[in-house]
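Q: One-letter residues, chain by chain:
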Amino acid sequence: MLYREAGQFKATYAEDSQIFPIRQDKIGFWVLMLVFGVAVPLLTNEYWLKAILIPVLIFSLAAIGLNILTGYAGQLSLGSAAFMAVGAFAAYNFILRIEGMPFLVALVLAGLTAAAVGILFGLPSLRIKGFYLAVATLAAQFFIVWALVKFPWFSNNSSSGVVTAQDVTILGYTFATPEAKYVLTFLIVSFMALLAKNMVRSSTGRAWMAVRDMDVAAQVIGFRLMRTKLLAFAVSSFYCGVAGALYAYTYIGTVEPEGFNLDLSFKILFMIIIGGVGSIMGSFLGAAFIVLLPIFLDNVVPVIFGDSLGAGFVSNFQLIVFGGLIIFFLIVEPHGLARLWQIAKEKLRLWPFPH
Amino acid sequence: MQFFIEVLVGGLLSGVMYALVALGFVLIYKASGVFNFAQGAMVFFAALTFVGFQEVLPGWLGLEADSSVVFWLAFLLAFIAMIVLGIATERIVLRPLVNQPHITLFMATIGLTYVVEGLAQMTWGANVRGLDLGIVDEPIAWLMDNYEIGVSKFDLFAAGVAASLVALLALLFQYTKVGRALRAVADDHQAALSIGIPLQTIWRVVWAVAGFVALVAGMIWGARNGVQFALTFTALKALPVLILGGFTSVPGAIVGGLIIGASEKLAEVYVGPFVGGGIEGWFPYMLALAFLLVRPEGLFGEKHIDRV
Amino acid sequence: MARQIGDVIVDLQNISLRFGGVKALTDISFNVKEHEIRSIIGPNGAGKSSMLNVINGVYHPQEGQIFFKGALRKKMEPHEAAEQGIARTFQNIALFKGMTVLDNIMTGRNLKMKCNFLQHALYWGAAQKEEIAHRIKVEEVIEFLEIQDIRKTPVGRLPYGLQKRVELARALAAEPHILLLDEPMAGMNVEEKQDMCRFILDVNDHYGTTIVLIEHDMGVVMDISDRVVVLDYGKKIGDGEPDEVKNNPDVIKAYLGTTH
Ligand SMILES: Nc1ncnc2c1ncn2[C@@H]1O[C@H](COP(=O)(O)OP(=O)(O)OP(=O)(O)O)[C@@H](O)[C@H]1O
Ligand SMILES: [Mg+2]
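Chains as they are written, first to last, in my numbering: chain S, 1 to 355; chain C, 1001 to 1308; chain Z, 2001 to 2260.
Among the clues, some could well be false.
What the hints assert, rightly or not - 27 Å max Cα-Cα, derived DSSO-like pairs, lysine-lysine:
| # | chain 1 | residue 1 | chain 2 | residue 2 |
| --- | --- | --- | --- | --- |
| 1 | Z | Lys2137 | S | Lys197 |
| 2 | S | Lys347 | Z | Lys2152 |
| 3 | Z | Lys2129 | S | Lys26 |
| 4 | Z | Lys2112 | Z | Lys2097 |
| 5 | Z | Lys2023 | C | Lys1303 |
| 6 | C | Lys1153 | S | Lys129 |
| 7 | C | Lys1030 | S | Lys129 |
| 8 | Z | Lys2097 | S | Lys129 |
| 9 | C | Lys1303 | Z | Lys2074 |
| 10 | S | Lys197 | Z | Lys2129 |
| 11 | Z | Lys2097 | S | Lys347 |
| 12 | Z | Lys2075 | S | Lys129 |
| 13 | S | Lys26 | Z | Lys2152 |
| 14 | C | Lys1303 | Z | Lys2129 |
| 15 | S | Lys26 | S | Lys150 |
Quick caveat, the hints were computed from the structure, so don't treat them as lab data.
None of these values were measured; they are calculated from a predicted model.
All chains should be modelled from the sequences, with the hints used to inform the complete structure.
A: Rendered as C-alpha cells:
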C-alpha cells in the first residue's frame, strides 16, 4: 500500500502535466538527487568517482543527446562521438584562445559549436531517411575526426591532436579533486536532463515525435519538417558537444580525436537501445549499464573461465556480450530498461493485491 | 597523363572490390529487407577463419603448409563457417525480429557486427596475419613497357575474380529457380509467402551466398593489406557505394563501386596533398552525402512520393 | 438550419496530376463553398485521395490552378495549407503511434502555440501557461468526441474505430476552416458510423466548418452531403446535388460497371 496514486486527485491540468504526477515518485526523485548529489561525493572513494560515476553522468548526457535525435525525432545517427569531439576541442580552443574565458561560457559555446556542425550534417535528413541517413552520419564521424587530427590548429599544434584540458575554474574556485569534478558534472548533467525532459514533454518534443512517427501527417498538421529536424540535430549535437567537453575537462583530462571514434558512437547508441529509446531516464540507465558492464566482466570472466585466458579474451568476450545484449534487447524489450522499470512500478502499484 | 590513368585504373580495380561487398548487402537487402551492417565484420570473420584454418590444418593433417590441399580445404571450411554463421543469424536474429521496423533490424545487425568481430578474434586471435594467394603485387610488364602505365597484376587478378563473381551472381539471380524465388521475395514478401515460397530457406541461401562473397572479398583484401581488424572499415565503404547505387539495384552496386573506387583514389592523389592526406577514410561518405543532396533517390532509384 | 452556405472558398481549375505514367487526375474542375459538406465519390483508384492531397499541398499537380478564398495559390506545402486553416484525416490512419491520445490531439494545436524551444526547455511562465491553455481547448474536443476515458492511452493500443475518432479529434483541435475527411467511416460498424456521422454534422453545424468528405457508403453520402462530385479513372463524371448525381447516367454506369 506504499506506492499508490489512489486518493491523489489531479484538480488542475497543471498538476496533471507534472514530470512526476505521483507523490511517491516525486519523493523518490528528490531522495535520489540528495543521495547522488550529496551523499555519494561524501562517502564514495576516488575510484568510484573517477572510473564509474563521472563517466556514467557524462555518457548519460551524450545518450540524452542521441536520444533526442534518434529516440524522439527518429533520425538514426552513428556519429555522436564526433559531436562530442567537436565539443571537447571547441571548449579547449575557446579557453585557450580567449583570455579569461569563464568555464561555463566555454561549455555553452562548445555546445553551440557542436550544434552548428550538427545542423550542417543534419541537412541531408531533409531529403533522406532511415539507414540512408545513418550512412550519411558516418560521413560526420569520419570527417570530423580526420579534420581534428589533420589541422594542427585545433589542438594548438600538438602531435596527433592530443590536447590536455586546462584547469576548470569557476568564480575563482578550481575544481581539482574528483569530488569537486563529480559535483560539478552532476549539477550540469542534472540541469540539462531537466531541460531535455521539459522539451520532450512540450510542443517541441511533440513535433519531434510527430516527425518520427509519421512525417507526412506531421506536415499536414502544420509542423515544418526542416525546422523540426534541424532543431533536433542542433539540440542533440549541443548535448553531445557539452558531454564531449565534460569528457575532456572533468573525466579524462587528456583527449585525442581518435578517442572519439566510431566505437564510441556505437557505445552511445547501445546506451539508448539498452536504456530505452525515447526516454530521458533510459539514457541514464543505459549509460550506467554500458559503463558498468565491462567492469563487471573484467572481474567476473577470470573467475569463471580462469585467469589464463589473457586480456584479449576478455575484450573479445566483451564484444560478444555487448552485441548479444543489443540483439537480445531489440528482440525481447525494444523499449529497454526504462520500460522494465515502468513495468516494475505498475506491478508495485498493484502489490500486494494483484488484480 | 600516364599517372592519371594509373591512378584511375587502380581506383576502378579496387572499386570492383567495393562492388563485390556491396553486392552482398544488396542480396540480403532484396531478400529480407535487412540492411546488414555486419557485412564488413563478415568479411573480416571470413578472412580470419580462412587464414586460421590455413595455419592449423598442416599440423592436424601432417601436410606442407603451402600444399594446395590445405588451401582448398581451408577455403571449404571457411565457407562452411560462413554458412553456419548465416543460418545462425537467420535463426537467432532475423526470425524473432521479422515484421519489426527496418531500423530495428538495422540496429540488430550492428549488434551482430560486435558478436561476429568478437567471435572471430576470440577463435583465431587478434594479431595481423599475412595471406598469400600466390600472385605478386607488381606492375604488368607489357603495359609498363609499351605505355609506361603501372597496373598491378594483383589488382587486375582481384578485379577479375570479383567481376566474374558478380557476373555469376547476376546469372544465378536471373536464371535459377532459387534466383527467381529470390526475386519474387524481393518484390513482395507477402505474395511470395502466399504462393508457397519458403521465406526462411531463401533467407538462409542468401546469407550463405553473402557469406561466400564476404569470404572471397576478405581473402583478396587480406592478401593485399593483411588480415586485420581494419578490414571491417574497408568493407564498410560498401555503404556509400550503396547510397550511390541504391540498395536494391545490382547494376547500381557495380557502378557505385567503380565511382567510389576511382574517385577516392583520384581525390587522395590530387586533393589529398593539399589537406594533409588520409582523406580516403571519409571521402566516399562525403561524396555519397553530397550526391544524396542532389539526387536522394540514388543513381538508379526512381523518385518516390509517399502515398497517403 | 443555422448554417448558411456561403461563397466559393476553394476553386480547383483544370487539375491534372500524374505519377510517372499513371494519370491520377485528368483536367478536373470543381469548387467547394463555405460551410457546405462537399463529398467526393468514385470507385477504387478513381483519384479521390489524390484530390484531397492536391487541395492541402501534399501532391503538386502538373497542371491546373487552385484558388483559395479567391486568391491564386502558388505551389503550396502541406504546412502552409495547415496555416491557411485546412485540416484533414487520412484513409489509412496516420496517427503518431508512439504517442498518447492526448499528445496526438495536442499536436493539432501546434500552429496556435507560440513559445519556442528555449521557453519549452525552461517550462516556466509563458510556456507552462500556454501548454495549459491549449490543454483546456483539447479537453473540449475530447469531450465533444466522447473519448475522455482513453486520453492517456497510447494510440497504438486502440481499436480501429477509436483511432479514426482520435484522428478526427486531432484535426478538430486545429479549429480548421476546412476539414478534409478521407473515408472517415471505412471499416466501422453501423453504430460507429452513426456516431461519426453525428460528429461530422455537429462540427459542420456548430462551427460552420467546411467539410470535404470522401466516403464509399452511398447512404451516408446522399444523406449528409450538400453537393457531390464523382470521379472515375481520374476524370470528373458528375457534379451536383445528391439527387442530380444519383440520376446521372454516367455515374450509374460507372457504379454498375457496364462500360470500360
Ligand atoms: N504517391 C503515389 N505514387 C504513385 N502513384 C500514386 C500515388 N498516389 C496515388 N497514386 C495512383 O493514383 C491513382 C489514384 O489513387 P487514389 O489513391 O487517389 O485513388 P482513390 O480514389 O483514393 O482510391 P481508393 O478508393 O482505393 O482510396 C491510383 O492509380 C494510384 O495508384
Ligand atoms: Mg483513397
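Q: Decide, hint by hint, whether the structure agrees.
A: For each hint, the structure was consulted:
A C-alpha spacing of about 24 Å is found between Lys2137 of chain Z and Lys197 of chain S, which places the hinted pair at or below 27 Å, so the restraint holds. A hinted pair counts as satisfied when its Cα atoms are at most 27 Å apart, and Lys347 of chain S with Lys2152 of chain Z qualifies at roughly 18 Å. With a C-alpha separation of about 22 Å, the suggested pair Lys2129 of chain Z and Lys26 of chain S falls inside the 27 Å cut-off, and the hint holds. In summary, the hint linking Lys2112 of chain Z to Lys2097 of chain Z is supported, as the alpha carbons are separated by about 23 Å, within the 27 Å threshold.
Among the hinted pairs, Lys2023 of chain Z with Lys1303 of chain C is consistent with the structure: their alpha-carbon atoms are about 16 Å apart, no more than 27 Å. Using a Cα cut-off of 27 Å, the hinted pair Lys1153 of chain C and Lys129 of chain S is violated, with the two alpha carbons roughly 41 Å apart. Between Lys1030 of chain C and Lys129 of chain S, the direct Cα distance comes to roughly 18 Å. Compliance with the 27 Å bound is thereby established for this hinted pair. With a CA separation close to 18 Å, the supplied pair Lys2097 of chain Z and Lys129 of chain S stays within the 27 Å bound.
For the proposed pair Lys1303 of chain C and Lys2074 of chain Z, the alpha carbon gap of about 23 Å is at most 27 Å, so the pair holds. For the hint pairing Lys197 of chain S with Lys2129 of chain Z, the CA-to-CA distance comes to about 17 Å; that is within 27 Å, so the pair holds. Between Lys2097 of chain Z and Lys347 of chain S the alpha-carbon distance is near 25 Å, which keeps this suggested pair within the 27 Å criterion. Restraint check for Lys2075 of chain Z and Lys129 of chain S: the C-alpha separation of about 24 Å stays at or below 27 Å, so the hint holds.
Simply put, Lys26 of chain S and Lys2152 of chain Z have alpha-carbon atoms about 20 Å apart, close enough for the 27 Å limit, and the pair holds. Between Lys1303 of chain C and Lys2129 of chain Z, the direct Cα distance comes to roughly 44 Å. Violation of the 27 Å bound is thereby established for this hinted pair. About 49 Å separates the Cα atoms of Lys26 of chain S and Lys150 of chain S, which puts this hinted pair outside 27 Å; it is violated.
Violated hints for the displayed structure, listed by number in ascending order: 6, 14, 15.
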